[in-house]
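Chain A is already provided as a structure; the job is to place chain B on it using the hints.
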Amino acid sequence: MTSRAITRTAGVCGLLLLLAACGGSSGGTSTGAPPTGTPTNGGTLKLLGSGDVDHLDPASAYYTVSYTLERAFTRQLVSYPASSDLTTATTVAPDLATSLPSTTNGGITNGDKTYTFHLRTDAQWNTTPPRAVTAEDVVRGLQRICNPASPSGGLTYYEDTITGFTQFCDGFAKVNAADPAAMASYMNGHQISGVTTPDRSTVVINLTQPASDFLNILALPFASAAPVEYLKYVPDGATFRQHTLSDGPYAITSYQPGRSIVLNRNPAWTQASDPLRHQHVATIDITQGQGSDQAVQQQLQAGTADLSWDLPVPTAALPALKASNNPNLQIFPSASNNPYLVFNLLSPNNKGALANVKVRQALEYAVDKTAIGKIYGGPSLNTPLDQVIPPGQAGYQQFDLYPTAGHNGDPATCKSMLAAAGYPNGLTLTDVARNSGNHPAVAQSVQADFAGCGVKTKIVSVSQGDYYGKYLNSPSATKAGTWDISEPGWVADWYGNNGRSFIAVLFDGRKYGPNTVNYGDYNSSKVNALIDQAESAPTEAQAAPFWAQADKQIMTDAAFIPFQTQKVPVFHSARVKNAMWSPFAQSYDVTNLWLSPTT
Amino acid sequence: MSVTVLDAALGGGEDETFAGRSTLASAWIRLRRDRVAMISVAVLVALVVIAVAAPLIAQAVGWTPTQQDRTHGLTPDGLPMAPSARHLLGTDNLGRDILVRTVYGARVSLLVGVVATGLATIIGVVVGVLAGYSSGAVDTGLSRLMDVVLSFPFLLFAIALVSIVGPGLSISVVVITFFSWAGIGRVVRGQTLSLREKEFVEAARSTGAGSARIIVVEILPNLISPVLVLATLLVPTAIVFEATLSFLGLGVAPPTPTWGNMISDSLPYYSVDWWFTLVPGVALLLITLAFNLLGDAVRDAVDPAAQRTVTERR
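As they're listed, the protein sequences go chains A and B.
Under the working numbering, the first residue of the first sequence carries the number 1, and numbering increases by one thereafter.
Under the working numbering, the first residue of the second sequence carries the number 600, and numbering increases by one thereafter.
Okay, chain B solo, but in the shape it has when bound:
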């Protein structure tokens, strides 16, 4: 695919046929027509904007994410305060503003989600292609490695590693990446295995192309569609991983707000202070739902078999 093709697709308008367009260009057109996907994109864009603009929002609201409003933000018994003009979405157990903390929490979630997914995708594609293309001992070795990683108990490993290294943002990314790449790697290996037997690869090989050229020019472009789907669906998984680590106190060190540690903090209060759990919970739900729906839509859009269902749905 080239940029010009994509541009043509973008400018193309809804009534154009898919004839003569690349897979991705056609997929893009189908995606544009999927209302659920577009709503998900809008939600995600809004969340990104909120995350980027977090300091501005904090300034507008008048609280920093770690500022403790001890006298007016807590009851005399130390319970969080309900939403009010002073704290629009209420306070947490230290009298901190939940709105501002949730907004800042989006930064950690998005950062970890995107970075971990990016790293996992790169590693997964590299290992998957190497395994699928090379066959033999290299394939066996890498495939077993992926099996081993996939069979690792996530929480046990995370708890052990964090106990040794100490918690933090980068260790969260490392742990999540480590547990995510093998899934992509397996799919990529399978795809590569079938692609490498295809006629156009045979043709390239017969014209004297080396392995590196075949992988980069012939195979990788054909992996973009499945990898795109997997990556989109991996982001929400990574975000939930991060929230799980934070929830268990193994993620980003306090007082940095994350949705996971906010939910963890709120648990003793769920029966009396609903807003404390609800706000970060809804934020987490929204972001994972948006990414999942988008991922489904991307899959529908790039998968030719799903094309019919998409058009039928219209």
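Only chain A is shown next, with the shape it has when bound in the complex:
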């Protein structure tokens, strides 16, 4: 698939990983603070962090921090409720739509291929005077996903499901990306054939085939409604960023790139119009330019700031926080497979040894996954993983084809299997690794493990920018064997029914090319067929067995070495109450918390 993946890895993992622990994790139990006490309104919620959003335009914003912001100033047809229960928090609920379409309420028809949404009439833009959010705004939001100026990283999710989306986007790509008038004219003059608006408050979407995860795709902030005013600007351009409008409880009142973002209550928003969000705090103040996660953590603990914007809780600070049972620290699961080891199946090095399944199966035994976990803060945050799908996601069936005691690795088995595969003298592999965060430590840990198996590893340290562009995402560099193995990570775009955002993204060999996330070009006709069956299954229950089979096939082929799935530690200041985990932003939902006036 496409650049979506890159942004996501660079975003979630890149951004957080860069500074210590990668975001992401999964499985297990969720523990949010239960909603307690009477809400207090007012006050300024202070967030502190290092950098800016990747994009401010909902069509292309892909970082977790952008999701934090979008929760406050954008709305989608469907979205997710705030809840301390992970299942509830990751189950789609109506937002701009009055109800979730289903086969029983007539919202899903035509053999699961037509979705009909009725819009609530009381949602409004903060224009002067306030104006209702209409079906046209929803359609415009979908059209903008493939605007040529700043196209969405999640584009293929929509192209692969909605009828006519690809044709619309192919034409849109040819429009002058610097000319807002030309883009507006294209959007007004062309339609996505599968999206129609019978009236001002009804949107009908036709799919090319059933897709049980379609509501998850619509809940991604890419599909936020967009007001007609957005046609005046180059998408995500500097002018656009100063003129965002809001249909959510907060509006961006000040945006200074790389320095600060301030949101205030949106007067056009009413509580009755929004089943998911609230307007407890008066102001949300985001200050950037902080140097380190430790500086931010100190401020949160001192109470001079409330939440971290983009920096993780420092790994080194965790043991003390856990030991003192600090009530302001919570640890949440996430749908991640991070990091993992990818094999370059195209590499000509070692006479193409990595294309040999027996070699890869031998290496599956080599890695000490417990040691990798320690790099990321130990077993309370990291669970060893032996398959693609982490616990709690569709198709998860626990299995371990290459078991080792305590997940500590088994160099002897690796060595003998490698000898049996025809490499008694081992191999020499090039490991391309990013030179920041935990990445160098991971590469050195793997290097020590592989050495135990008789495999020499040469580490090539590269910058985050070069990592994808010059190595993993470059088919020519991959074919030339500039790298043999690497340790990237992956976090799914949504939870639960997310095979499309996990197995299909990472292992569909038919989509190999520049910007793929299937870095090493694993291509199995069996897995590809299973992906097709899963994606077109009408329900999650029917899709899950196909994902499970694909998972097993991928591990049988030893296409990669999964290391672990992670949990995310999140800290808030003592005065933050009703802190609800927002799994997509990997932070607390700013539209549901309030500030205690006493502490």
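A hint or two may mislead.
Listed next, with one range per pair, are the computed distances between beta-carbon atoms [what the hints assert, rightly or not]: (1) B:Ser762 to A:Ala178: 26 to 34 Å; (2) A:Gly303 to B:Met637: 52 to 60 Å; (3) B:Phe751 to A:Pro130: 20 to 28 Å; (4) B:Arg812 to A:Lys479: 55 to 63 Å.
Away from chain B, derived, C-beta distances all over 12 Å, residues of chain A [unchecked claim]: (5) Asn408; (6) Val442; (7) Lys458.
Heads up, simulated DMTMM-like pairs for lysine to aspartate or glutamate below, C-alpha to C-alpha not over 25 Å straight-line [said to hold, decoys possible]: (8) A:Lys113 to A:Glu136; (9) A:Lys456 to B:Asp668; (10) A:Lys458 to B:Asp668; (11) A:Lys322 to B:Asp676; (12) A:Lys415 to B:Asp668.
If you're looking for bench data, these hints aren't it; they were derived computationally from the structure.
Think of the CB as a built atom: it goes at the ideal place given N, C-alpha and C, for glycine as much as any other residue.
Positioned in the frame of chain A, the structure of chain B alone reads:
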């Protein structure tokens, strides 16, 4: 200067006067009397011995520089362990012995520091003498070249070059040499410019000596003193350059320990695991301080104007 003169100076003892001795011989005597310089030399000699004997130290301690003591060298949460009988100066974030890694780190620092300084000095002297002696278009060209090199942003260039070529020990040396030679070159050019007008050069020229002979026999020996000072002061700069590159992940590839990448690794842990940052940090401080103090002392010793302050200090 000749070897015999130096030998005489060495054997000479402290109460000898400087009369009749060459500049360098007198400088050596003054240096010998400078207690700070001698302490610096002792520290540097000790560091060289430690660097050379690194494998023996590793053997005595019982850990190799890349050995990961995963079960006992890390807490269950993956934090480094404090100094103990098992790891005398504690462990790093992969459970490796900090003492052994620091000792091995000295090898990289000294190697890069000395090699890069040597190369930079050779290039600087050659370019400086050529520019200063030849004047005219050659001088203008070489001088502008040095200006350009001196105005290069070091980090940007290093990051760009390493991104193209890939990190490593030799590329570190190349980058550091590239950024160091021009400073020496400028000083040498100035010195040559004034030397070439001196009477003894005129005299040599009038006796029919060629340019090559004048440069080698008349000018170069007179450049030894300033170049010696500059070179001594360049070593610590080169060592810090190397540490900077390693710190940014642009230096020697892991798992080879360098003080720069050790400090870089330690940053996430500075608030809880002090030894992790402190040990390589102190090592880096010690070596740069020793070289700088020695450089200052050498300058005092060879500079006639500084001679008075040295003697007054005694």
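Outcome of the hint check:
1. B:Ser762 to A:Ala178: 26 to 34 Å: Holds: the Cβ-Cβ distance is about 29 Å, inside 26 to 34 Å.
2. A:Gly303 to B:Met637: 52 to 60 Å: 54 Å Cβ-Cβ, so the 52 to 60 Å window holds.
3. B:Phe751 to A:Pro130: 20 to 28 Å: violated (57 Å)
4. B:Arg812 to A:Lys479: 55 to 63 Å: holds (59 Å)
5. Asn408: violated (8 Å)
6. Val442: Since the minimum Cβ distance to chain B is about 10 Å, Val442 (chain A) lies within 12 Å and the statement is violated.
7. Lys458: Violated: least Cβ distance 7 Å, not greater than 12 Å.
8. A:Lys113 to A:Glu136: Holds, because 21 Å separates the two Cα atoms, which is no more than 25 Å.
9. A:Lys456 to B:Asp668: holds (20 Å)
10. A:Lys458 to B:Asp668: Holds - the C-alpha atoms of Asp668 (chain B) and Lys458 (chain A) are around 21 Å apart, at most 25 Å.
11. A:Lys322 to B:Asp676: Status holds; Cα separation ~11 Å.
12. A:Lys415 to B:Asp668: holds (21 Å)
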